[in-house]
Amino acid sequence: MVTAPSRRPSLPLRLTGIGKRFGAVVAVGGVDLTVEAGEFVTLLGPSGSGKTTLLKVVAGFEAPDRGTVHIGATDVTRMPPGRRNIGMVFQNYALFPHMTVARNVAFPLSVRHVAREEIGRRVAAALALVELGGYDERLPAQLSGGQQQRVALSRAVVFDPGLQLLDEPFGALDRRLRQQLQEEVRRLQRRLGLTAVFVTHDQEEALLLSDRIAVMNQGAIEQIGPPHEIYARPRTVFAAGFIGESNLWSGPVTARDGADVTIAADGMNLRARAPAVASGGSATAMVRPERVRLLGGAEPADNRVSARVEEISYLGQTQKYLLAAGSRRLTAVWDLTAAPVGSIAVGACVTVGWSAADVHLIAG
Amino acid sequence: MAEAPGRRRWLGRALAGYAAFVLALLLAPLLIVVPISFSSARYLQFPPPGWSLRWYARYFADPQWIESTLVSLRVATGTTALALVLGTALAYSIVRGRYRGRRMVERLSTGPMIVPHIVIAIAIYGIFARLRLTGTEAGLILAHTVLAIPFVVSVMSAALRTVDPALEQAAMSLGVGRIGAIVRVTLPLIRPGIVSASILAFLSSFDEVVVALFLSGTTKTLPKQMFDNILVEIDPTIAAVSVLQIALVVVALAVVARFGARTVPR
Numbered sequence: 000m001v002t003a004p005s006r007r008p009s010l011p012l013r014l015t016g017i018g019k020r021f022g023a024v025v026a027v028g029g030v031d032l033t034v035e036a037g038e039f040v041t042l043l044g045p046s047g048s049g050k051t052t053l054l055k056v057v058a059g060f061e062a063p064d065r066g067t068v069h070i071g072a073t074d075v076t077r078m079p080p081g082r083r084n085i086g087m088v089f090q091n092y093a094l095f096p097h098m099t100v101a102r103n104v105a106f107p108l109s110v111r112h113v114a115r116e117e118i119g120r121r122v123a124a125a126l127a128l129v130e131l132g133g134y135d136e137r138l139p140a141q142l143s144g145g146q147q148q149r150v151a152l153s154r155a156v157v158f159d160p161g162l163q164l165l166d167e168p169f170g171a172l173d174r175r176l177r178q179q180l181q182e183e184v185r186r187l188q189r190r191l192g193l194t195a196v197f198v199t200h201d202q203e204e205a206l207l208l209s210d211r212i213a214v215m216n217q218g219a220i221e222q223i224g225p226p227h228e229i230y231a232r233p234r235t236v237f238a239a240g241f242i243g244e245s246n247l248w249s250g251p252v253t254a255r256d257g258a259d260v261t262i263a264a265d266g267m268n269l270r271a272r273a274p275a276v277a278s279g280g281s282a283t284a285m286v287r288p289e290r291v292r293l294l295g296g297a298e299p300a301d302n303r304v305s306a307r308v309e310e311i312s313y314l315g316q317t318q319k320y321l322l323a324a325g326s327r328r329l330t331a332v333w334d335l336t337a338a339p340v341g342s343i344a345v346g347a348c349v350t351v352g353w354s355a356a357d358v359h360l361i362a363g
Numbered sequence: 000m001a002e003a004p005g006r007r008r009w010l011g012r013a014l015a016g017y018a019a020f021v022l023a024l025l026l027a028p029l030l031i032v033v034p035i036s037f038s039s040a041r042y043l044q045f046p047p048p049g050w051s052l053r054w055y056a057r058y059f060a061d062p063q064w065i066e067s068t069l070v071s072l073r074v075a076t077g078t079t080a081l082a083l084v085l086g087t088a089l090a091y092s093i094v095r096g097r098y099r100g101r102r103m104v105e106r107l108s109t110g111p112m113i114v115p116h117i118v119i120a121i122a123i124y125g126i127f128a129r130l131r132l133t134g135t136e137a138g139l140i141l142a143h144t145v146l147a148i149p150f151v152v153s154v155m156s157a158a159l160r161t162v163d164p165a166l167e168q169a170a171m172s173l174g175v176g177r178i179g180a181i182v183r184v185t186l187p188l189i190r191p192g193i194v195s196a197s198i199l200a201f202l203s204s205f206d207e208v209v210v211a212l213f214l215s216g217t218t219k220t221l222p223k224q225m226f227d228n229i230l231v232e233i234d235p236t237i238a239a240v241s242v243l244q245i246a247l248v249v250v251a252l253a254v255v256a257r258f259g260a261r262t263v264p265r
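Which chain is which? The protein sequence lines are X and H, in order. Each residue of the first sequence is one higher than the last, beginning at 0 in numbering that gives the first Met the number 0. Each residue of the second sequence is one higher than the last, beginning at 0 in numbering that gives the first Met the number 0.
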């Protein structure tokens, strides 16, 4: 292992009121976002949510119609991409096929007219960072996808960028390689203290890598916060549905008893702990599948449902159960100690329940 | 089913025969021209009564032939350079641009290929006469560039489409401007296309006769000289010149095959 080379500090990123439309389509509609120095923020959303456009605005490939982009104290809104000192990693690696690995990594240094010996030293250090020492003279086409992306990573950090942008960099890789590279990206980012903005539509990736996640939908950030907060307390139905699996029911809030409220949703009376939600309004209740418990005969629970098992999927450490209670569907995930393989068969009737504290309410 | 193999063999023979016929048609002129160029006779006579190199000697000894060859080489070189720069820029704008009317520009860029050369020749003559560009090499270069641009645009836009735009973006994010990205990344990647486009542009000028007939005046290109030569005297020098010209084309095509783009769209 090489020790982290001394480097210029990473810079914070500040986006203010960024708007961008393509013809009649609003790609990004007034986004504010601040990323602290050294922070890893993920823009998570489906395709068409504006996350890629926002990244391109930061990179300088798209000029925003309004709003400003600051990297550190510098307003870079009108600056060409090459002057912004951003290290960008692309989905398809974007290695220059006619240059060797070493010349690819040296590219940002040689266009900055860095002295030759220093280029050699820094390229070697950058390749060692991604454990690709000795691959200098290979051409990109002679490397595997994972190796190519690691070369791209090292090319994106070799010139001490103030900011790193990652545009779905693992999209083209198979699952195992993806996981390896995700760890590598995170390790490199922490070690070098890089400010990083990462774009993905993969919620697992976002949960794993991010300090904070910005959930994007229809050109706006719906919610931004640490992964556990986004997962446990989504503020919108979209965020709840997009991150992790969830059981969602909407209906009016019919009663309040201290901190507990009752929601008449889908023919059920759901009890939830939600001091902030007013009685009389409507709300969407979210219960994560792993919060749905399998109940014994007399076991008490705030919410109880009898259901028939429709489908079972084996996921390794856990199994996922698709349950039907009348016309309602719900999903439960139980680990193998709670429900060993074969203990419940498709068609069996089970009683499940969850506590009021496990219900998260989204107003509206 | 029983007769199928027999029928297939018959089809195969028919196809081979047809191919041989087409090949013969394509080669026939060569089989006549090449022997005549080595003929010892004073007139175009086939088969030649004897062999000699006198017509080649005559070509190399005649200042008119040599001068027109040099004119053609200079005009073709100038045309290649100009058409390559303009055509590549146009192809880049067609492939990477995002402006209104881009498709219209793409269609228009093939215009000189569609409009009959005689029409272009007359139109250019009309303009150049006023600009005093007739009879000059510069005039010929400009006119031939118009004709060569469609070749360059079609080859170069096909080549540019094979280059992932993300590569240019990567280069730009790593610290160069758009021009720097094109020079350092895009152009090296489309070098085979550049070779193909150059040679097509060169040959389109070197072989061109219609525009040259109108514009040459006293600055004769090789095809114009050949044309004039046929009008006044018919001797096998013309065959010798043709063979030299064919040899040049063969060399050029060999260069394309070796260094050029794999497919040359026309």
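A portion of the hints provided could be inaccurate.
[What the hints assert, rightly or not] Where chain H lies over chain X, by a calculated footprint (3+ residues, C-beta under 8 Å): (1) 58-64; (2) 99-110.
[Unchecked claim] Cβ pair distances, simulated, as ranges: (3) H:115 to X:73: 21 to 29 Å; (4) H:97 to X:328: 24 to 32 Å; (5) H:106 to X:15: 51 to 59 Å; (6) X:310 to H:6: 54 to 62 Å; (7) X:312 to H:6: 54 to 62 Å; (8) X:73 to H:118: 53 to 61 Å; (9) H:84 to X:115: 31 to 39 Å; (10) H:118 to X:16: 53 to 61 Å; (11) X:140 to H:10: 53 to 61 Å.
Simulated from the structure, these hints should not be mistaken for laboratory data. A quick note: this is a predicted structure, and the numbers were derived from the prediction, not measured. No residue lacks a Cβ here, since even glycine has one placed at the ideal position from N, Cα and C.
Hint check:
1. 58-64: That given contact holds, which follows from 3 residues of the stretch 58-64 of chain X lying within Cβ reach (below 8 Å) of chain H.
2. 99-110: holds (count 3)
3. H:115 to X:73: 21 to 29 Å: Violated, since residue 115 (chain H) and residue 73 (chain X) (Cβ atoms, about 58 Å apart) do not stay within the stated range.
4. H:97 to X:328: 24 to 32 Å: violated (45 Å)
5. H:106 to X:15: 51 to 59 Å: violated (43 Å)
6. X:310 to H:6: 54 to 62 Å: holds (57 Å)
7. X:312 to H:6: 54 to 62 Å: holds (57 Å)
8. X:73 to H:118: 53 to 61 Å: Holds: the Cβ-Cβ distance is about 57 Å, inside 53 to 61 Å.
9. H:84 to X:115: 31 to 39 Å: holds (32 Å)
10. H:118 to X:16: 53 to 61 Å: Given range 53 to 61 Å: holds, Cβ gap about 56 Å.
11. X:140 to H:10: 53 to 61 Å: Distance hint for residue 140 (chain X), residue 10 (chain H) is violated at roughly 42 Å.
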